[in-house]
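J.: Since the structure of chain X is provided, determine the placement of chain F on it from the hints.
Chains X and F are the protein sequences, given in the same order. Position one of the first sequence corresponds to residue 1 (our numbering), numbered consecutively onward. Position one of the second sequence corresponds to residue 1 (our numbering), numbered consecutively onward.
Keep in mind the hints are simulated off the structure, nothing from the lab. Don't take every hint at face value.
Each pair of labels, with its calculated beta carbon distance range [to be verified]:
#1 X:I117 <-> F:L109: 49 to 57 angstroms
#2 F:G347 <-> X:Q98: 52 to 60 angstroms
#3 X:L172 <-> F:W230: 39 to 47 angstroms
#4 F:N38 <-> X:I22: 49 to 57 angstroms
#5 X:L172 <-> F:L133: 31 to 39 angstroms
#6 X:G314 <-> F:N38: 50 to 58 angstroms
#7 F:L133 <-> X:Q84: 49 to 57 angstroms
#8 X:I22 <-> F:L109: 33 to 41 angstroms
#9 X:R7 <-> F:L78: 23 to 31 angstroms
#10 X:L172 <-> F:Y36: 31 to 39 angstroms
#11 F:A237 <-> X:G314: 37 to 45 angstroms
#12 F:L462 <-> X:G143: 54 to 62 angstroms
#13 F:G84 <-> X:R44: 37 to 45 angstroms
With the C-beta cut set under 10 angstroms, the calculated list includes, among others, these residues of chain X facing chain F [claimed, not checked]:
#14 I193
#15 T196
#16 G314
All of these numbers come straight from a predicted model, not from anything done at the bench. Every residue, glycine too, gets a C-beta built ideally from N, C-alpha and C.
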Amino acid sequence: MLMFILRRTGTMLATMVALTVIVFYMVNLPGNLEKLAKTEGNMRMTDEQVEQWLENEGFNRPFLTRYAEWLGVVPASVWVREGQPFGPGLSCLSEEEQAALVAEGPEATTSAFCGTIQGAMGWSRVFRKPVAEVVGERLGHTGILMFWVMIVMIPMSLTIGILAGMREGTGLDRGLSVASIATTSAPEYVTGIIFTVIFASGLGWLKGIAKAGDVTFENFTLPVMTMALYGMGYIARLTRASMVEVMTSHYIRTARLKGLNFRTVVLKHALRNALITPFTVIMLQFPWLLTGVVVVEAMFNYKGFGFALIQAAGNNDIDLLLAISWVAVIVVLLTQLISDIGYAYLNPRIRVK
Amino acid sequence: MEPEYIAWYEVILYTITRFWPTWLSIAVTLAVGYRYRNRLGTFGRLYDSRIGMAGVVIVLFWVFTAIWADVIAQMGPLEQSFAGGIKRGAPGIIDPESNIVFLWGGDNLARDIFSRVVYGCRVVLIIAPSATLIAYMVGSTLGLPAGYFLGWSDTLFSFLANLILAFPVILLFYLLVTPEVQLAVPVEIGPFTIPWSIPIALAAVFLLFPILFLCAMWFTRYEQAPKKMWSYLGVTAVVGLWLYFGLVFGLDMIKGIGGGFLSETEIGATSGLVVFTALLIIIYVPIPNRPTRHLEAGIAAVACWAYFGPVFGGEPLDAIQLAPNELNIFAAVILGSSPGVFRIVRGITMDIKTRDYVAAAQTRGERSWYIMLWEILPNARGPLIVDFCLRIGYTTILLGTLGFFGLGLQPESPDWGSMINHGRPFVRLADTAHLALFPAIALMTLVLGLNLLADGLREESLKD
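Chain X extracted, bound-state conformation:
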């Protein structure tokens, strides 16, 4: 078991490094950097000015050096140009240190560990705030939303799945199965539109915009419903399949033949085993919910993590984009790990070698 966790952690680290290298490479493509220079400086910069800006900010240095600096495995450099300190390590120097560096002269350089590993995520150029602050605040908002989504989605989908799988082939099973297929067919941007039209524009019961941090029925129902519905069908169908499999197994037949009533058989004997698969699936839903979060937050103007992603990507806010992908990848990989360990733990037949 320990070996298994160690190996999984190793793969996780490799995946994280690979993914951040890819993101780092893509946000640093020449076109993106040029856009960045023009939004930071002014839109009518000439090519030479753009080049000068990139040179000053240190974007022209080798890729690997910059990646290592961002990661925090090598110290990030700081240098002086035209009497101003520049460089990726700048935010980790205090005012006095910066002043001292400028006083040293035009050629002065220094360096400090200032990477993600040290917790220095950089400066968000869109929000004009430290990235850590933006990410923390936004993650909190999204966390609240996700919490309610889970509260609604998990019990409902499990109930639907168990009811459908309990007696395979009955009218109830068919009805619930078709309903679950229907919900998996409607992505968030479709149900979101339909719900808004019905409940917000038509009936006027709910708000079409969700304000972050304001957990009220009026405010939260639409985004929560939209997100929960899309995931619900999928989990319900898996629960149903798993329930059907358990209900046809021998030990359930034995329990039935022993004379136990159907209720006890389902609740005491079948349920436990039938919930192993849905558990792992619910954990694996996280990465997928992440896309849902982005869509829903964009649709309802909810200022959360997903909304920050759109703004960061739209404006090529390099530090924020990298931090967001970093956080997203960690969330995804952690849930995968928990799901694997949980599966091994819950299912005595699976013993990881």
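T.: For chain F alone, kept in the frame of chain X given last:
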């Protein structure tokens, strides 16, 4: 002058009658299918499943709507009305100048939403299934050896697949489809100048897989009959590479060679003929005496005609060359869905390779690739067909997501995702909600149809 409206029940009635070619085609297809249902295998048994039948009807509805789009739509997808009041007009509004009824209302630029949804169906139904097909070839070509040999190839490919799966799809798309990333840089290779960018590079890799896949199939199957093998390999290589260079780099060889003395329409017709002949050869020759081959040839002919229909209608090479935007989202969508295919193919391969017939083939001394392509893959077709239907739906959703964020095709494209995106700002007012509502419902029904079809197929194949 105030524009006039028709009543709501007239809207429903007119909408139903507008789709008459679709209804007719569905009826004919279902009748013919019912006649030959015993020869159609699992598809024939769908007639016994109510859910599956519902799925078939919905999917056929959109397929035939795409084919007959020119007949069904009343206006072009980009055609605007300049009469007053049509802009964001409610469903059933009558254009006082042309007397055309805007059945589903007008959009923000006074275009007919009904016609745009109908044309959008064509865009969606060309991109989603073909991207899924290519994703399938990529996933199978990598998944088969990974599941069969395990070892280093499995470790490597699984790592890559998990890498892409761990990436939030939407972030990937944002990075991949932004204009700065997709800006193509010309690169000179010998006498050719080809455009180069990350999406083009991705497409160049992905679109190579179908050719490799088919070549590997012919090679392993007909190794003993060199004449046959070389003719197949030749056809595949010529047609494949022609399509490859046309799609990825925009270099059309037939146009290049025949450009001097053929008209545009003739070039288009030649392209269509080449592909159709190749399809015929591929369908007829490999498995002789297969009872359904005439039917398949018929389907291929209809598909070819539908696909190349615009070619003969005077829009040459529309089907062969992709606009740069289309290629980018094509690559993005394939990248997003291949890892899933890889996983399922790998899992099924690991399961099937323990069967007796695989052991028998190994004892006969067959090549590993023969076993994978001709023993394991055909026996995995049941779950793979089901997954294929589901995955087209998923690809459609993905495509819609791209459109929703305005990352997809050109902004004026009538694909459903982009239409939803444009209608989004108006959805909070009841009077203008129809802008986004109709494309949203269209997308939902198509995906629902595909999911129901997959469910029906799964039920029927489990009965074996």
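J.: Against the structure shown, which of the earlier numbered hints fail to hold, in ascending order?
T.: 3, 9, 12
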